[in-house]
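Trainee: In this text, residue positions in the sequence shown follow my numbering: the first is 1087, and each later residue adds one.
Don't take every hint at face value.
[As the list claims (entries may be wrong)] Simulated restraints on C-beta separations: (1) Glu-1146 - Ala-1101: 20 to 26 Å; (2) Asp-1098 - Leu-1121: 17 to 23 Å; (3) Ala-1159 - Pro-1108: 26 to 32 Å; (4) Leu-1141 - Tyr-1100: 16 to 22 Å; (5) Gly-1125 - Tyr-1103: 28 to 34 Å; (6) Asp-1122 - Gly-1095: 24 to 30 Å.
Hints in this document: simulated from the structure, not taken from any laboratory.
Heads up, the beta-carbon is just placed ideally off N, CA and C, and yes, glycines get one too.
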Amino acid sequence: MSSNQVFAGTEDYYARYRPDYPPALYEALTTHFALDGGGRMLDLGTGTGHVAMALHEQFEGVDGVDLSAAMLAYARQ
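Use the sequences and the hints to build the structure in full.
Mentor: Here you go:
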């Protein structure tokens, strides 16, 4: 099994049941890094895009990278 197939078929479960980070963390990141809606964010190991979606309004653009094509397809939805 190749590394990009390790999570094959689990993307729906991952999106539904993976605990999200608390809103206070996103607020702290926004404040600490003075995020103002500019620049780009790179989310390495994005999975189904939880963090990218939570912070997308703080950037001009967000790029998510993951080994799993299925996770990326789910995140694009």
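Trainee: All hints are to be evaluated individually against the structure, with a verdict given for each.
Mentor: We went through each hint and held it up to the structure:
Between Glu-1146 and Ala-1101 the Cβ separation comes to about 25 Å, which falls inside the hinted range of 20 to 26 Å. For the hinted restraint 17 to 23 Å between Asp-1098 and Leu-1121, the CB-CB distance of approximately 30 Å leaves it violated. Hint check: Ala-1159 to Pro-1108, Cβ distance near 27 Å, so the stated range 26 to 32 Å holds. Taking 16 to 22 Å as the suggested C-beta distance range, the pair Leu-1141 and Tyr-1100 conforms, at roughly 19 Å.
Under the hint 28 to 34 Å, the C-beta atoms of Gly-1125 and Tyr-1103, about 31 Å apart, fit the expected range. The beta-carbon spacing between Asp-1122 and Gly-1095, approximately 39 Å, falls outside the hinted interval of 24 to 30 Å.
The structure is inconsistent with the numbered hints 2 and 6, although it conforms to all the rest.
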